[in-house]
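Protein chains in written order, with the numbering used here: chain A, 1 to 340; chain B, 1 to 173.
Keep in mind the hints are simulated off the structure, nothing from the lab. Hints should not be assumed to be uniformly reliable.
Okay, derived cross-link-like pairs now, DSS-like style, lysine-lysine, Cα gap no bigger than 30 Å in a straight line [unchecked claim]:
{"no.": "1", "chain 1": "B", "residue 1": "K65", "chain 2": "A", "residue 2": "K247"}
{"no.": "2", "chain 1": "A", "residue 1": "K277", "chain 2": "A", "residue 2": "K176"}
{"no.": "3", "chain 1": "B", "residue 1": "K99", "chain 2": "B", "residue 2": "K164"}
{"no.": "4", "chain 1": "A", "residue 1": "K176", "chain 2": "B", "residue 2": "K164"}
{"no.": "5", "chain 1": "A", "residue 1": "K76", "chain 2": "A", "residue 2": "K176"}
{"no.": "6", "chain 1": "B", "residue 1": "K65", "chain 2": "A", "residue 2": "K277"}
{"no.": "7", "chain 1": "B", "residue 1": "K164", "chain 2": "A", "residue 2": "K277"}
{"no.": "8", "chain 1": "A", "residue 1": "K308", "chain 2": "B", "residue 2": "K99"}
{"no.": "9", "chain 1": "A", "residue 1": "K247", "chain 2": "A", "residue 2": "K175"}
{"no.": "10", "chain 1": "A", "residue 1": "K115", "chain 2": "A", "residue 2": "K76"}
{"no.": "11", "chain 1": "A", "residue 1": "K53", "chain 2": "A", "residue 2": "K104"}
{"no.": "12", "chain 1": "A", "residue 1": "K76", "chain 2": "A", "residue 2": "K104"}
{"no.": "13", "chain 1": "A", "residue 1": "K176", "chain 2": "A", "residue 2": "K192"}
Since this is a predicted model, take the numbers as computed values, not measurements.
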Amino acid sequence: MSITRIQLENFTVFEKMDLELSQGINVLVGTNGTGKTHLMKVAYSACDISTTKMDFAEKLVRVFLPSGGALGRLVKRQKGSTRCTVDIHRGSSKLGISFTNHSKIPDSAKISGSKEWSSIPVESVFIPVKEMLSNAPGFRSLYSRREVHFEEIYADILDRAYLPALRGPVDQSRKKLLENLQKLIDGKITIKDEEFFLRNAQGNLEFTLLAEGLRKLGLLWLLIQNGTLLEGSVLFWDEPEANLNPKLYGPLIEILLELQRMGVQVFLATHDYVILKEFDLLCEDQDEVLFHSLFRDEATGEIQCSSKREYLQIHPNAIAETFADLYNREIERSLGEKTK
Amino acid sequence: MTVLREGALELTLPNGVQGKKFDGPSHGLSHCMKAVDFILEEPDRILFVELKDADHPHANSRNRKAFRNQLYSGVIVGDLVGKFRDSFIYRWAESAPDKPRGYYVLLAASELDKAMLLILTEELKRNLPVEGSTPGTWKRQMAAHCGVFNLATWNEHLPEYSVKRVVDDQKGS
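Next comes chain A alone, as it looks inside the complex (with noise of 0.2 Å):
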């Protein structure tokens, strides 16, 4: 079962969220410290103690890495006592998790509804913005042995990385989507002594001499090939344009519509324009897709959201505005030079 919604109070950077989601796609927009990235990864890090019956304050300061492991550090910044709330749905099922920003521990944490929610565990995956697995050899083993400063959402895509490939046959689904990407990449990816390659026609090459844009995809294509993502999985992805050529963008909405058609659960947080038309463009009456729209109310200062299942329709569009603003320059400039 995916996540069906999100509340939040005095959780980072909001003071009050509430969030209805769609069982495909989830499109976040916003400028930076809106807190795509912060929902993503709350919602992340339930899906994940599903599987793995972590204590959620623990999972939450491993993936938000707040400093000196102080949970309370997560709750909104402002003068006084203030206590924070998080709620995550799947259907009736509800993880929730409150604690004060004076919480120093995760022991501190009040947590309910755990049990029934790892009763249903649902696989998950976090794509981060930084390409890892260039720098996966000898990554997850100093991660596990030292106090290492990195976001345990880095740890965990290697671990989903490294997973070997199903066993069985691969249904024809998956098969053209593996295929797909193949072409994308010009290849398979294998690993060896934990080192990841692309494997062609011209032999092994090493990740650190591929694009890193195709890193990604080959990550994707591992994920797919080990059954990491399958119907009634979640996959979360930070801003998959970084470093893809824009002509990679249409096959990569792509892929992501046919996974979600195969029953996959899709976060994703972009600022980019293509993304957002390719999804306007190739998207298809049974699809389904929602834009969020995360802005800062000019009156209250506080971040909001609103949803819309039409691309025309994202209010307020930041990466639209800044077009608009281009374009009127551009009109401007062009009208200017009639005078000349």
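With chain A's structure known, arrange chain B on it following the hints.
Using the frame of chain A, we list chain B on its own:
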């Protein structure tokens, strides 16, 4: 005050500006040359104007689909360039006064946001090509400037040439 009409769109010209429908029966060469809809003459420049009305109230889904195909396949810019160049040659053969020429294109389609209008404007500038994008050996210019607009941005940037939709029209453009 002159009012020009193309399908369901009405263009009002300011006083002192001459304008005529160019792509009409009097053109006479429509079997072999493309033509912009209107040619307007200001005291110090000529404006070629092309209107495409994808949001025409009587446009059927086939018309809309054809427009969308043109838009997203990149064909539309080539079509717009062809109309401009053929009109330019036609006017050259007429020995029309040589003043700096602008090319304004109105694509009345609600789906065209400013990002797409920006991309189309840049494509049109590159492909006409406008002054500044032409070889240094050119002593004369075909186009001084151009812009692609939707109905809202046309009226925002060219308030003196207001365009409105006439809803009672029964014909397509």
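- Which of the numbered hints are not met once you compare them with the structure shown? Of the numbered hints, 4, 5 and 8 do not hold.
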